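J.: Sequence:
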Amino acid sequence: MQKTLLTILLLISCTVLSAQELHFSRTIPSAYFGKDRELLISLPEGYHDSSNLKKRYQVAYVFDSQNDYFFRYAASLIQNLNFSGSFEPTIIVGIRSTNRRFEFTPKLLSDGPYKSWTKTGGADSLLPHLEAEVFPYIEKQFRTTPVRIGLGHSLGATFLTWCLTSGRRVFDAHIMISPNYEYDNEQLITRVKGATVSNNTFVYLARGKDDSYETRFAPGIEKAVPLYREKLELQYEVLDVNNHGNTYLTGFIHGLIAYHRSIYGKAENTIKRFTALSENYGYKLDADQINSIAYNYFMRPATWQEAVKIFDWGLKWYPENVNLYDSMSEAYENAGNKEEAIKYCLKGLQQLEAQKAKTGQTNEGQKKYIEGRLVKLKG
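Read in order, the letters of the sequence shown correspond to residues -19 to -1, 1 to 360 in mature numbering (1 follows the signal peptide of the UniProt record, and there is no 0).
Quick caveat, the hints were computed from the structure, so don't treat them as lab data.
Some hints could be false.
As the list claims (entries may be wrong) - Lysine-lysine pairs mimicking DSBU-like chemistry, simulated, CA-CA at most 35 Å apart:
| # | residue 1 | residue 2 |
| --- | --- | --- |
| 1 | K265 | K339 |
| 2 | K290 | K265 |
| 3 | K253 | K35 |
| 4 | K247 | K190 |
| 5 | K35 | K339 |
| 6 | K36 | K324 |
| 7 | K349 | K339 |
| 8 | K96 | K121 |
| 9 | K359 | K290 |
| 10 | K328 | K357 |
| 11 | K212 | K297 |
| 12 | K339 | K297 |
| 13 | K337 | K121 |
| 14 | K337 | K319 |
| 15 | K247 | K35 |
| 16 | K357 | K247 |
| 17 | K349 | K337 |
| 18 | K35 | K348 |
| 19 | K324 | K337 |
| 20 | K36 | K297 |
| 21 | K319 | K212 |
| 22 | K212 | K247 |
| 23 | K324 | K357 |
| 24 | K290 | K324 |
| 25 | K96 | K247 |
| 26 | K36 | K190 |
| 27 | K88 | K16 |
| 28 | K324 | K339 |
| 29 | K290 | K35 |
| 30 | K348 | K290 |
| 31 | K212 | K36 |
| 32 | K190 | K96 |
Stated by the list, open to error - The following label-pair restraints were derived from C-beta to C-beta distances:
| # | residue 1 | residue 2 | range |
| --- | --- | --- | --- |
| 33 | E203 | N61 | 25 to 33 Å |
| 34 | K253 | Q342 | 51 to 59 Å |
| 35 | S67 | N180 | 20 to 28 Å |
From a predicted model like this one, the values you see are computed outputs, not experimental measurements.
Cβ coordinates follow ideal geometry from the N, Cα and C atoms, glycine included.
Model the full assembly from the supplied sequences, consistent with the hints where possible.
T.: So, in structure tokens, the structure goes:
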């Protein structure tokens, strides 16, 4: 009996540990490839914490993850950027390919040196595989926001270009390092010329130099740059890296930070991004999340006015949220504007009174705290 009980306890313990994993792989069936496909998954720290169970996360998809070192680098990089405050907590999904030349390339449209490649043209299978099989699986199994980020290097970046120019929303951000636009008489350049791309799409494009591959790929990339700039706000960089195999090491860092700054560098960009997510996909930040974003601006003295813009936007969405009024008051107090600080303290107290009249209850601790701040401000 004791042995049976111990066995049951061990099984329960193993099940709990498995449920709390942060880094693992999953296999899903694919009708597009006619076989199972493996995904590598890395969840952000704290994903399973009870305090985070309502929190949702953006997803980064890393191509070429059949190379374990490649996925580990990208995942570690995103996690470290998050710890330093330079990137949001993110679910990271590695796409493992069994034949990258096939999966990352469109069908050949002409004769040329790429005719010698044994098999090409699998982009037409990989893209619908993502849309119909991978994305639904990830978004059902995990707590995700609608935001998808694609990271690709070399042919992986070539495939991201195929996604970007598909006329459909596949990724919201594209980190594309050293893509091969030489492929098939610059087929991708022709495609970029004719593509309709949302101007809300983020694109970071980079290449290296002084390397045989980088030298070959440079003319095509340089042709693409002005074409992208006609359609969207491209961030383009020539990296001081002279080895094609290493350009992603620097490029991923720069691209991820650039994407984060494109959202959180200015309040108007932050508001634009989350308003679009709400209107287009029904994903709406709660008042606490807005308060947290505003505080990130607030904690930097040079951007306190940006914090005020975020608090003001938050109050339009949540006009009864007392905490947002109190935070707005703090922002003005720190800026030396006592008149506005007092104004928002009073607005917070008015909301507390309105809540009491409506429900018969109020947060006495919060009321006492704001009243104390008000006395201090008037003193």
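J.: Determine for every hint whether it applies to the structure shown.
T.: Consistency of the hints with the structure:
1. About 25 Å separates the Cα atoms of K265 and K339, which keeps this hinted pair within 35 Å; it holds.
2. A hinted pair counts as satisfied when its Cα atoms are at most 35 Å apart, and K290 with K265 qualifies at roughly 17 Å.
3. For the given pair, K253 sits about 23 Å from K35 by alpha-carbon distance, which is consistent with the 35 Å threshold.
4. For the hint linking K247 to K190, the alpha-carbon distance of about 32 Å falls within 35 Å, and the restraint holds.
5. A C-alpha spacing of about 27 Å is found between K35 and K339, which places the hinted pair at or below 35 Å, so the restraint holds.
6. Pair hint K36 plus K324 holds up; C-alpha atoms about 32 Å apart against a cutoff of 35 Å.
7. Between the alpha carbons of K349 and K339 the distance comes to roughly 19 Å, so the proposed pair stays at or under 35 Å and holds.
8. Simply put, K96 and K121 have alpha-carbon atoms about 40 Å apart, too far for the 35 Å limit, and the pair is violated.
9. For the proposed pair K359 and K290, the alpha carbon gap of about 25 Å is at most 35 Å, so the pair holds.
10. Of the supplied pair hints, the one linking K328 and K357 holds, its CA atoms being roughly 16 Å apart against a limit of 35 Å.
11. Taking the CA atoms of K212 and K297, the gap is near 32 Å; set against the 35 Å cutoff, the hint holds.
12. Taking the CA atoms of K339 and K297, the gap is about 20 Å. The hint holds against a cut of 35 Å.
13. Between K337 and K121, the direct Cα distance comes to roughly 39 Å. Violation of the 35 Å bound is thereby established for this hinted pair.
14. Between K337 and K319 the CA atoms are separated by roughly 27 Å; this keeps the pair inside 35 Å, and the hint holds.
15. With a C-alpha separation of about 27 Å, the suggested pairing of K247 with K35 holds against the 35 Å cut-off.
16. For the hint linking K357 to K247, the alpha-carbon distance of about 31 Å falls within 35 Å, and the restraint holds.
17. A C-alpha spacing of about 14 Å is found between K349 and K337, which places the hinted pair at or below 35 Å, so the restraint holds.
18. Distance check on the hinted pair: K35 and K348 sit about 27 Å apart at the alpha-carbon level, within 35 Å; holds.
19. Annotation: proposed proximity of K324 to K337 holds, straight-line Cα distance about 20 Å (limit 35 Å).
20. Simply put, K36 and K297 have alpha-carbon atoms about 22 Å apart, close enough for the 35 Å limit, and the pair holds.
21. Between K319 and K212, the direct Cα distance comes to roughly 45 Å. Violation of the 35 Å bound is thereby established for this hinted pair.
22. Distance restraint check for K212 and K247: the Cα-Cα separation of roughly 22 Å lies within the 35 Å cut-off, and the hinted pair is therefore satisfied.
23. Proposed proximity of K324 and K357 is supported: the alpha carbons are some 13 Å apart, at most 35 Å.
24. Between K290 and K324, the direct Cα distance comes to roughly 16 Å. Compliance with the 35 Å bound is thereby established for this hinted pair.
25. As the CA atoms of K96 and K247 are separated by approximately 48 Å, the hinted pair breaks the 35 Å bound.
26. About 42 Å separates the Cα atoms of K36 and K190, which puts this hinted pair outside 35 Å; it is violated.
27. Between K88 and K16, the direct Cα distance comes to roughly 21 Å. Compliance with the 35 Å bound is thereby established for this hinted pair.
28. Only pairs whose Cα atoms come within 35 Å are accepted, and K324 paired with K339 is accepted, the gap being roughly 23 Å.
29. Taking the CA atoms of K290 and K35, the gap is near 26 Å; set against the 35 Å cutoff, the hint holds.
30. Distance restraint check for K348 and K290: the Cα-Cα separation of roughly 24 Å lies within the 35 Å cut-off, and the hinted pair is therefore satisfied.
31. Among the hinted pairs, K212 with K36 is consistent with the structure: their alpha-carbon atoms are about 33 Å apart, no more than 35 Å.
32. Proposed proximity of K190 and K96 is supported: the alpha carbons are some 26 Å apart, at most 35 Å.
33. One distance hint, 25 to 33 Å for the beta-carbon pair E203 and N61, holds here, with the actual separation near 32 Å.
34. Checking the proposed 51 to 59 Å range against K253 and Q342 shows it is violated: the Cβ atoms sit about 37 Å from each other.
35. For the hinted restraint 20 to 28 Å between S67 and N180, the CB-CB distance of approximately 25 Å keeps it satisfied.
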